[in-house]
Amino acid sequence: MRLRIRFSKHGKVRFTSHLDVARIWERALRRAELPVAYSEGFSPRPRLSFGLALSTGHESNEEYLDVELDPERQLEADLESLPEALSACLPVGMTATGVVVIDRQSPSLQQAVTSCTWQIDVEPVDLEVANAAVTQALAAEQIVVTRERKGKEVTDDLRPLVLALTVDQPLEDGVRLIAELGTQPRSLRVSELLSALQPPLVELRVVRLHQWISNDVGERFDPMSVAPAAAEPVGVS
Amino acid sequence: MQSGDKYGGGGSLWPRLEPLLPQVQKPARYIGCEDGMQVPEHGPAIVSWLLTYPDTYEIGLPNQGLQILYEILNERSDAAAERSYAPWTDLEALMRRDRLPLFSVDTHRAAGEFDILAFNLSAELTYTNLVNCIDLAGVPIHSASRCDADPLVGVGGHCTYNPEPIADFVDFVVLGDGEEVVGEITDVVREWKRAGKNSGTREGLLRELSKVPGVYVPSMYEVDYDGPALAEVRPRYADVPAQVEKRTVADLAEWPYPKRQLVPLTEVVHDRLAVEVFRGCTRGCRFCQAGMITRPVRERPAEQVSSMIQQGLRRTGYDEVSLTSLSTADFSGIEQVISDTVSDTGVGQVSVALPSLRVDAFTVGIAAQVQRARRTGLTFAPEAGTWRMRQVINKLISDDDLFGAVDSAYSQGWRRMKLYFLTGLPTETDEDTLGIAELGRRCVEIGREYHRSPAVTVSVGGFVPKPFTPFQWFGQNTEPELRRKIELLKNDLRGTKGVQLKWHDSRASLAEGITSRGDRRLGAVIEYVWRHGGTFQEWSEHFSVDLWLEAMAANGLEVEWYVYRHRTQDEVLPWDHLSAGLHKDFLWQDWRDALEELGLEDCRWTPCYDCGACTGYGIEHVVASATPPAGGSQGTGKSASLTGSVPVLLQPRQSVEVGQP
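First to last, the sequence lines map onto chains A and B. Just so we're aligned, residue 3 is where the first sequence starts under the working numbering, counting upward by one. Just so we're aligned, residue 2 is where the second sequence starts under the working numbering, counting upward by one.
Worth flagging that the hints you see were computed from the coordinates, not collected in a lab. For glycine and all other residues, C-beta sits at the position ideal for the given N, C-alpha and C. A hint or two may mislead.
Stretch by stretch, here's where chain A covers chain B in the computed footprint (C-beta under 8 Å, at least three residues) [unchecked claim]:
1. 30-44
2. 258-269
3. 309-318
Here are some, though not all, of the chain A residues that point toward chain B, as calculated from beta-carbon distances under 7 Å [stated by the list, open to error]:
4. Lys14
5. Val15
6. Thr18
7. Arg29
8. Arg32
9. Arg33
10. Ala55
11. Gly59
Beta-carbon label-pair distances, calculated as ranges [claimed, not checked]:
12. Thr157/A / Lys419/B: 42 to 48 Å
13. Glu268/B / Leu211/A: 58 to 64 Å
14. Glu221/A / Glu268/B: 39 to 45 Å
15. Val40/B / Ser41/A: 34 to 40 Å
16. Pro16/B / Arg151/A: 34 to 40 Å
17. Arg195/B / Ala90/A: 37 to 43 Å
18. Glu621/B / His12/A: 17 to 23 Å
19. Glu221/A / Arg97/B: 52 to 58 Å
20. Gln350/B / Val94/A: 27 to 33 Å
21. Gln107/A / Glu42/B: 50 to 56 Å
22. Asp547/B / Ala141/A: 55 to 61 Å
Chain B extracted, bound-state conformation (with noise of 0.2 Å):
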């Protein structure tokens, strides 16, 4: 059976769709028709992809993974990449009136045609969102439950590191880097294709697809369970791996993608130019997941990031680009990257955003050279309010790295200036907590020597321990827990001149807490979420923590045990049978190097701690420069002018409890 039988038999929606757009807000997120849209040819012996992001327009366009993808799957001669976001709830009313079908963007083909659903899952409040778009694709939402003429569900990004949560709603999942494995699934789903989709061999193709390096399929596991403690996740066949790795690509010199960036015709979050200048990060910072899974770093050649920057700029008329990565000043090629850029005068006035601002002056100092246009303002992370608590992160800034790096930035014309910091972090203290309106404070009172009313904003996040991190044994703090920390700040900055106090709602960091290290079991949970009307909770006009709560008390599982309790070493995680390349007893060792205050350097110009990212795979990283950049004590808490004399390891204090159940 074709699935164009079940699901409409091609043609575009448009004209079904046209009528709705006058009566739904920002109508211009569904039309589609950027510059570098694809209008790929399908057919019976092509693999056609539906990338989507489960969010709306505005948040999911830009997203440079589904961009790569777009790109590298159109062309292929064998694969039809389109792309589809989830329609605001406006529109999604309509739809589901008129039994609309969620649609591509680019040719308005209804999202059931096409053989894969892949989304990118950056976010975890996103999940229901997932569910709410396969439903809309009018594909059952339990994978168990798909027949053959089902288009495949699966999933990448960041978040399906923990992919267990979401395992009832996908056929597979992709972990790593997308680049390579896109084109080895493509392969084995076009002979399942080319043989006709037949009825009872969907289970054969998904077999297929678990012994393709960095898939996991979750239908191929079994989980036992020992009353709330998961006991083992094993593999039903002897052919499907015990242990899924994650993909990485050695050489990103080999992926200069995207080349044709989308330019909406609509406003977008990021709407300018991105050029990727390196993938990974081994400043180490404890509570950063995005730092440890996607190590080793792997750098982009600067003739090349020099070369897509014009380029870019060029066939996009884009006036900004942004140089991204986990830590755009660590760049080997910074300073000649930005002296291409600022040299290349054909393109007019152009702005460089540096989204990842190191805290030091050397960094402001390159923000200085490149934002001559638009000097708006700055922002610095680092991300916790005393020296003592720094450590613990291993976010290794001093407070000199900070007042000199602000210092530089008011004497250098910036007026304001964003501080982003993490409350709930292990071993946090009020005194820590405080210590976050004091550097704001401090901050504003540097200001003051260079401008009459220089303005801080101090924002606060509720730490939310990630799998894969030397946090993920953490009990997070609870909710009231935060909430009183963030209360500490409001009253201490009460009346406080020219700082402005922003904080996440720990309601969110609560339900966040709920899906990011869950099991399966939490499948339950957000299918209630989603009947029961809870999509876009990332957005704070959709976002209800009591349906969570609800959720959860209705399938019998306990907030304390997924959220809020310590995990022990010899507990069995619900990630352990997949691997970002890290060692397990290399995140317990880093886990307890926290515990005792202990700071660990950044291994790109330090010996290897044998965290397992480069072994593994038999990659080391790739960077230009066997020197650190320059400037400030460059996150090793070293004086500056004392480089390379002071041991990074400072004398562990104490051993400290940690948290509270």
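This is chain A alone, in the form it adopts within the complex (with noise of 0.2 Å):
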């Protein structure tokens, strides 16, 4: 059986790594001792696979981890209590906010994730600078940077990454913009885009708000749904 598993990371803890998650996932897992599967070999690990990675010091109100439970034991606790008891386990800061048993042969998240959407806050500029910044990224038809990849530069046109960015409101201590960034062939960072518009916006505070999974037609999922019609989504929304 294999379970997705959706959580938040806000506050201090926003600071760990996408490796100290892991970490922390794993002990989490052996705490609420679920039954984990771990992988053949020399150095067994428990088969748990994470979704894209968050940057350090980013928040999120929805990543997610699969977990892959050993078919020879069974799953104790219900799926419905599950999103607590995993709660309990995790520091203060991350919240599993809930659970669904997938398909196994549904593709791994990495894969199967084709966007995000994300609520960037950066530093004061005046508000038609900011506007002015998106329109004209928006309206541009290629957005061209070059970057350095295993010591090669290779250029890249971000714009078909950008499916969506607004200015959403001014803050008391910058400006809040919302973009939907996709992630296939590769992930557009935050900080790239931030950087690739003009006059460069400077972060300050950045949250991933969704994921997304589309399809060829263009409709967007959630990860939590695309498990067997079944398996309804449990847990706190």
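From these two lone chains plus the hints, build me the complex, please.
Laid out in structure tokens, this is it:
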């Protein structure tokens, strides 16, 4: 059986890295006594598969991981109470918000997720400047950046990965943008987007609001709803 | 005056720290939030301790001593303990720019608001970080410059058996086990705080503290010099003890700490559950300060160890537990604990780490039993390359013990082995040094019988003599001499397949030597190195031997005098007014025995040598079994099959002149 777990990450724990979060989950699942399957071989590892990495320092309402359970062992906890039981084993600031059973054949989170919605607070600029930067980016046919990858200069067009971008509201100490950024064939990072704008904006606080799975005809799904029809999302919303 | 006025008046520094964290490496070092973290209440009737490890979070967090005291203090209604670690240089620069002081990771309270800044000192090269942390706290670095509103600066840990080099910077020093004495210090400071910390009363407080057994207050002592030599260290008042004895807890069973080991959110060294199985060691390795100063042996009951492991694994979610002590295979209850742990199926696959393996096949058998899950590598510490050398240092492991252990390990599936050695030991000849390479080669040969490409890492450190050991009189090898010996090994092992040589920087051994046996005049040297940017001296990217040499020269001090010179029997040593329980004449006799190449058996299973550690404190070794554990020669140097019938004291050879000045 494979479980998909959704969790949030807020506050001080946002300064933990993707790798830290993986270790935190390994310990939490053992503490919750979930019958996690282990890999074979010399150095058995729990069979967990994490979704897209969240940059250290960013917060998130919706992070995901898939957990393979050991078919020989019984899952004793019921799915409805599982988010609460898991949250009790997580540090303050990380909360499990839902668990569903997913098809073992379903593609991994890294393959399946096609875009993420971000709330991006940036350092104060005139609202007009922010609006102009956004309008200009959306109007551009291409947003070409060069970056170094494995020692080589690579040229990328970011424009196809900017699926939506709006100036949401001015804040007391900055401006809030909302963006939907594509993750295929690669993830567009918030920092890349901000430095590609004219003028470049400086991030203050970033929250991943949603992750999405789109199909060929442009329908968007929540990663929790790709489960077989029988399995409904459970847990707190 | 309340300390809060000067240091910020309460409240969390988090809002000021938070915007800096995206700009630094590994920001999770600074957030706290560990499972096991406490948020204690502060107040006028509560003595607040900031327990600080003066190195990075990754190194400091797992420190067991600090975690034990954190819990014991927070269990008291009149004490509050939080933790702090040295910020890495990137954050330090931002903190200094923004005038943000050192903070606790628990509630991000300013360090200066605590009553006591208590540092764990496990390595001499952290001394400049100690000074830096005091300065970052906004507290005057010199004890003499502090006023009543300033926190007290206290230190404990193995380095504090010679606290003289840092005497200028600290208000009090704790010798030995801290479990009981932190409460007694709390009592004294609480009364002072209750009386209002009135102006001019700090001296009286320090004098009171100096009367607490195990507490040394450097400012209560006058030091006289006779040229470069130390003439006398004497108390300034009649009620200040002439000699300060270390503290020793008699029964570990009464102290089942940590009960809630801190589980960090980010990776640290030793990222696993740790359960201390015994304290103290009587193997009697003459180079080993830890073994000498922590005597007598006090074992934790096996049932308590097992239950601490079981509860600890369930609470933390760790899948690995380390059984800590100075020689875990010597623990009487080792087999029971391992069988309890391995048969506890409720916690899934658990690995047991044995951080201090004894060199024999029995030990490898235990390791094989407990490391079923992850069999990565085994580490042994023969410490010296020849049997002669090992008799000098009293590490009585025969070549056969080592080869038996290595054979056993390779035959049971291990492919990688790590061997630890010291070079620069008393009486060491080039033959002894090259014996290290020879042992490495022999181990690889044994491995070839089982695997195609066995690997042995030979790790060599330069020996630094330490206080309260028989080698405290020995003149450390010069830096060029240590370097020559490393070169000798490098040349000898060039092109040898399967043996990888690693060595410790001989310049770092020199800096460690300067601080390990120095007197109070070293304070100016440490301050000089710190003022010239020399923090994080344990880190090769920051270490600078030139700074240390410059600092010595600037203060008119000779490296030759402090490091390379052999001490004489009648010399006043800078730590003579302190006591680790060991009789000085026992240590001197053991030093003479070393030069005669005489081994000394473990006194757990032989008559007492009257080193002083048990008799002085009225404490017996607490060992569950009166017979030595099974297997090997057990560090006696005797053949395994003849245990009990061959005298361990071998015939002395002619006297050997020690080292080279």
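Cross-check of the supplied hints:
1. 30-44: That given contact holds, which follows from 6 residues of the region 30-44 of chain B lying within Cβ reach (below 8 Å) of chain A.
2. 258-269: holds (count 4)
3. 309-318: Contact hint for the region 309-318 of chain B vs chain A: holds, 4 residues under 8 Å.
4. Lys14: holds (4 Å)
5. Val15: Hint on Val15/A: holds, closest Cβ of chain B at ~6 Å, below 7 Å.
6. Thr18: holds (5 Å)
7. Arg29: Result: holds, 3 Å to nearest chain B Cβ.
8. Arg32: Nearest chain B Cβ about 4 Å off; hint holds.
9. Arg33: Since chain B brings a Cβ to about 4 Å from Arg33/A, closer than 7 Å, the hint holds.
10. Ala55: Nearest chain B Cβ about 15 Å off; hint violated.
11. Gly59: holds (5 Å)
12. Thr157/A / Lys419/B: 42 to 48 Å: holds (47 Å)
13. Glu268/B / Leu211/A: 58 to 64 Å: violated (29 Å)
14. Glu221/A / Glu268/B: 39 to 45 Å: holds (41 Å)
15. Val40/B / Ser41/A: 34 to 40 Å: Holds - the Cβ-Cβ distance for Val40/B and Ser41/A, about 38 Å, lies within 34 to 40 Å.
16. Pro16/B / Arg151/A: 34 to 40 Å: About 38 Å separates the Cβ atoms of Pro16/B and Arg151/A, which means 34 to 40 Å holds.
17. Arg195/B / Ala90/A: 37 to 43 Å: holds (40 Å)
18. Glu621/B / His12/A: 17 to 23 Å: violated (54 Å)
19. Glu221/A / Arg97/B: 52 to 58 Å: holds (54 Å)
20. Gln350/B / Val94/A: 27 to 33 Å: Since the Cβ atoms of Gln350/B and Val94/A sit about 28 Å apart, the hinted range of 27 to 33 Å holds.
21. Gln107/A / Glu42/B: 50 to 56 Å: holds (54 Å)
22. Asp547/B / Ala141/A: 55 to 61 Å: holds (59 Å)
Consistency with the previously given hints fails for numbers 10, 13 and 18, ordered from lowest to highest.
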